[in-house]
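Protein chains in written order, with our numbering: chain A, 1 to 327; chain B, 1 to 348.
Hints were generated in silico from the structure; no laboratory data involved.
Be careful, since some hints might not be right.
Claimed, not checked - Below, computed lysine-lysine pairings styled on DSSO-like, alpha-carbon distance capped at 27 angstroms:
| # | chain 1 | residue 1 | chain 2 | residue 2 |
| --- | --- | --- | --- | --- |
| 1 | B | K194 | A | K99 |
| 2 | B | K7 | A | K308 |
| 3 | A | K300 | A | K187 |
| 4 | A | K308 | B | K8 |
| 5 | A | K154 | A | K99 |
| 6 | B | K113 | B | K245 |
| 7 | B | K199 | B | K229 |
| 8 | B | K113 | B | K150 |
| 9 | B | K171 | B | K199 |
As the list claims (entries may be wrong) - If you want the footprint, here are the derived chain B segments under chain A, 3+ residues with CB under 8 angstroms:
| # | stretch |
| --- | --- |
| 10 | 56 to 66 |
| 11 | 209 to 216 |
Backbone N, C-alpha and C define an ideal beta-carbon position, used for all residues, glycine too.
Here is what each chain is made of, one letter per residue.
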Amino acid sequence: MKITMAHGSGGIATEELIRDVFVKYFKNDILGAMEDAAVLPPEGGRIALTTDSFVVDPVFFPGGDIGMLSVCGTVNDLLMSGAAPKYLTCAFILEEGLKIGNLNRIAASMAAAADRAGVCIVAGDTKVIGGAGGVLINTTGVGFLPEGRAVSPKRCAQGDALLVSGNLGDHHAAILSARMGIENDIKSDAAPLNAPVEALYKAGVDVKAMRDITRGGLATILNEFAAASSLGMEIFEENIPVSPAVQALSGILGLDPLYMGNEGKLLAVVGGRDADRALAALRSTELGKNAAVIGRVTEKSGAVLTTKLGGRRVLAVLYGEGLPRIC
Amino acid sequence: MTIEDIKKALREYGGPPTALMEVCGTHTAAIAKNGIQSLLSDRIAMVSGPGCPVCVTVSAYIDRLCELSGRDGYEVVTFGDMLRVPGSSGSLADSKAAGGRVRMVYSPFDCMKLAREDKNTTWVFAAVGFETTAPIYALMAGQAAEQGIKNLRFLTSVKTMPAAIRWICEKNKVIGGFIAPGHVSVITGSEIYKPIAEKYNLPFAVAGFGGESVLAAIYALTRLKGQGKVVNLYPSVVSETGNEKAAALLLKYFEPGRAFWRGMGGIDGSGLYLKEEFAYLDAGSRDIARDVETPGCRCGDVLIGNLSPGDCPLFGGVCTPQSPRGACMVSQEGACFARFSYERTGSE
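Chain A extracted, bound-state conformation (with noise of 0.2 angstroms):
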């Protein structure tokens, strides 16, 4: 069974779709009700709202898909602002072809990710446009802010600690050697980032600065930081974690993971004192095991690279094209 146009009419088709593949999955009482608007229940506190939408090809990947993608990098974009995930809505557009049973994986695969997450799916919408087989996925996000949280790149001070929260390169690894057809062990780093954000505010680590390191890669934030703050970011090429086999890759095609995307990582900046505390509480979980201190903020202005032989060089934004539909 493949999407038709009919599936997109909004007549008897839809309703079926609707019924057999995205409630079926997504079960819960507010989507339940059916209407034409989700109503949520008041809930204190400040809000936190974000959009994303997924366009990666392939749709599958080693370690994971579009769905559960599109349900990982809302939530994350969510925790990143210090707010704990609750409600998401997800707009498919489907391109004619696409197989049923592809369809079925993907929401199986969304479900799955959003119960790991704690979050409900709660509104939804499909469309159908000509193509070929393809999927697009939107998703927005909301959740509430803890009193107390504030994360902005601002608050950065000289002498705070910079970590990233696990092996870089991952995702974009997989999603390159899927497309180029190189077979190795390497799988996407996808994942909602819950647990290594609990664990840092739970072991009381007064976050200032958080992002996922996704897109343009952790060169891209930390110039980002750097420009918000007016301040300095140094990192030290060699605590930088990189696995063997993303560090041989990118070796062999030219990339550095410094620029490369990731979709269950996150870097964070804390105060100078609580980086051995934050550095622990990431490790303690099973997402920030690999979780390294990789450098300092300093008084000079933009990011810097110190070389694993000692030289040192600024680390550029993102020029060009990088790798387009990786998320």
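Could you slot chain B onto chain A? The hints should help.
Same frame as chain A, but now just chain B:
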């Protein structure tokens, strides 16, 4: 001697000021990425040479690709690097945005697949590169001939190094030694530089691409100043005579000819073109015999080591990686890109 000894010697180098040229773009990138210049005495200047395939491509080549991309039934297939190189009236990316058919691939063999799957399109592969990449194009040409693929064309801009290095030795009297191109040497062998080294009394060091290998090569060149010697510091990969199989494959399909280099003009015997019997696979590569630079762009001087990227009037102002005016600012292996991206300090 340990790497720490070499670092100390290069940091404290007190000999006469010298400029050393790394010919290969991959070395340019390695030097920048490892922060090598920051480890050297002020008396040693590293100068980038014409070894980045994108940078030495003339604008007429880009113009020809742009024209083909707009032709009915044609599609241009290219490596990503080439997309943003400015021609005389726009880049391939501009042509694509204007409706031209341009496709980026990671492997040249993707182009073979496209040609087999869509026989109604003439697929034009933008075959740029040096001795290193050329054997792959020879393999492709061989496959196309054997399998009777009729809808594949090459627009070649394949260049060979020795003639270009000789040309630089004639024109530039400042260079005191060369880090020889590592990848190219795998194919050609290290002995190919010997006649040039001896004629101009300049040392050549064949080196790998790790930061430590590059430092070792720089150290060797400072020690061999004024001596026409070739040292091979990459013997695990580069032999004296090179990869004879690849060289033989190359000669089956390609023959040498006059090639145009950006900013350097035409150099006899510095290019490779498909032989007459395979000319049906060619999209007019030999007709590209001119070079028009963007006004004010001094890539030509940068490429032969006569001008430091930072001294070009366009550098960092109107010409940046975001909006490149010259090819040296486009490629990650270009001298201007490397300087702009890695070597500025926070205060610049």
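Status of the hints after comparison with the structure:
1. K194(B) / K99(A): Violated, at about 62 angstroms.
2. K7(B) / K308(A): Holds. K7(B) to K308(A) sits at ~13 angstroms (cutoff 27 angstroms).
3. K300(A) / K187(A): With Cα atoms ~37 angstroms apart, K300(A) and K187(A) exceed 27 angstroms; violated.
4. K308(A) / K8(B): holds (16 angstroms)
5. K154(A) / K99(A): Outside the cut-off at roughly 47 angstroms; violated.
6. K113(B) / K245(B): holds (25 angstroms)
7. K199(B) / K229(B): Judged against 27 angstroms, a Cα distance of about 10 angstroms means the pair holds.
8. K113(B) / K150(B): holds (13 angstroms)
9. K171(B) / K199(B): holds (14 angstroms)
10. 56 to 66: violated (count 0)
11. 209 to 216: It holds, with 3 qualifying residues against the three required.
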